[in-house]
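Enquirer: From just these sequences and the hints, can you work out the full model?
Protein chains in written order, with this note's numbering: chain A, -11 to 303; chain B, -11 to 303.
Derived from the structure by calculation, the hints contain no laboratory data.
Please note: incorrect hints may appear among the correct ones.
Because identical chains cannot be distinguished in the list, a pair is counted as satisfied if it fits within a single copy or across any two copies.
With a straight-line Cα cutoff of 27 Å, these simulated DSSO-like cross-link-like pairs (lysine-lysine) come out [unchecked claim]:
#1 Lys77 <-> Lys18
#2 Lys121 <-> Lys16
#3 Lys16 <-> Lys202
#4 Lys121 <-> Lys77
#5 Lys121 <-> Lys53
#6 Lys53 <-> Lys1
#7 Lys53 <-> Lys275
#8 Lys175 <-> Lys76
Computed from a prediction, not measured in an experiment: that's the story for all the values here.
Protein chains: 2
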Amino acid sequence: LNISKKKGQEGRKMDRWVRPTTIIDSYKLKQALGIEVIIASETLQTTGSFKFRAASNLVSHVRNKHIMTASSGNFGQALACACAMTGKKCTVVMPATSAETKIIAVRGFGAEVVLIDTTSQSRGQAVNELALKYPDAYIASPYDDPWVIDGNASLGREVAQLRPRPTVVIVPIGGGGLCAGIIQGLKDSGCAAEVIGAEPLLANDAAQSLRAGKIIAHDTEPQTIADGVRTLSLGRQNWAVMKDHMRTVIEVPEDGIRRAVRIFYDLVNLKVEPTGALSLAALLEMKDSFRGELVCCVVSGGNVDPAVYQTLIGA
Amino acid sequence: LNISKKKGQEGRKMDRWVRPTTIIDSYKLKQALGIEVIIASETLQTTGSFKFRAASNLVSHVRNKHIMTASSGNFGQALACACAMTGKKCTVVMPATSAETKIIAVRGFGAEVVLIDTTSQSRGQAVNELALKYPDAYIASPYDDPWVIDGNASLGREVAQLRPRPTVVIVPIGGGGLCAGIIQGLKDSGCAAEVIGAEPLLANDAAQSLRAGKIIAHDTEPQTIADGVRTLSLGRQNWAVMKDHMRTVIEVPEDGIRRAVRIFYDLVNLKVEPTGALSLAALLEMKDSFRGELVCCVVSGGNVDPAVYQTLIGA
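Expert: Written out as structure tokens, the structure is:
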């Protein structure tokens, strides 16, 4: 593998752009919910989601001058930004149905965007085709790559530093990279908080996998409003971490996701994308089970098309 | 004056809810503007605006069990929250045209709301009438009170701690309480950054005052979209601080305010109310004059009616 354990000078310079997560202890939210809840928001992270942690870590360590990925948007944008910061070429395969904001943002960093119809071709197939065209490119999985888990672990270490320590951490699940990273980071820090996944009911492969004890995949990409978690299945490396360390997965109906976005708007002044609202939606779904806990809800990102957001905050 | 220099136990407990300002060093914003700019956002402050700094400081020091104010919303909400935290009664006089979100929020903290028609009666008149009804109440000015300036000064001290230090701080101006507080806080910390006011062109009494060398007042409340700065004039105590220490006031057209709200949405994932966007709008208005500076834009708050925000983020 064309990978180095040491970061180059450019990689170290890029580290300054990894923003510590924004901890929000909201009086109004706590009053409204009657639950001790803390928000760890990645909406203000560079490129607007936790994905920059993974992407910058990967770009720092990989020696290739060209990096390719398939991403519904946030990892694509993060990778494009990290590549722009370090002078690398970047190619991002995106579903044609991705949020327009996300496509524009990836292109804004000078990356090449290849749009595909995910009903006729999987993202993996598209990437494999491109790999023939670009034999020197490194193919980065948005979620199933050791540098990705390692990059995301920094968020787990930050959550572990909260005082008082949370007893439960709720994390949105798509491919599982964030969840596996957080489990790893909490473990690194000796924090015993339990990790609970939050997943749309329409895209509940992680919940199914946990019940089956093995990875269960969707046949086609689920069309949940949480466009950041429209993955076919968990990544294998993530599953290896998650299967033993994730207490449960809460499945959230679409209406619950919308409601959580609106609560963030009304009570916290936080602009959250539907995927990012999954953790609060999960908390609301199983509210009574969290009494007596100190819950940390991880908000994975805030990039949402204005047209979608207008609908979400409508009466 | 029924005021104590010492805070009671409840006041000290309330201090934990004064959130340090959220500093945002946005790569995307800097790239887009080509200016070295840092955001100091009070949108995540308790009750969603900087006003909680002033209100909690005032409530901590005033001994009266009932506090009254006239406020277009953010100070009212902050005061209502601080009173609820300390078990005091609160009455807030609000223009009937205030953002609905803000009225609901004030009532949500158990405060009494008195709505007035500002075209037929000034807020001051309405408060004076109520003072006869409630002779034991302390009447708090949302901006012209020593405890208000003193509370807001904490934000200036936080901005002064930024490294590298900003050379210019741009601050939205309504009654001038935030601006005077920030000037005071920067001075306390020995920070030589220049302070520039940001004001809607439709409500440019501070700019007029600075030109005239004395307080100039509007006859009626100006109908700018920035509803947090629809004040008739600067407070006298604020003016005393501002007249010698504010470099200039940038007057911003309504379209510039809308544009700044949208830029915060697109590039920073920050939900900002029109008043809060004044500082960025001012920067955009006079962009070339800020080259070579390190600019800190203070975002005063984020409470905005969903219906208004829907329009603001529309294409």
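Enquirer: Check the structure against each numbered hint from earlier and tell me which ones fail, lowest number first.
Expert: When the structure is compared with the hints, numbers 2, 3, 7 and 8 turn out to be violated.
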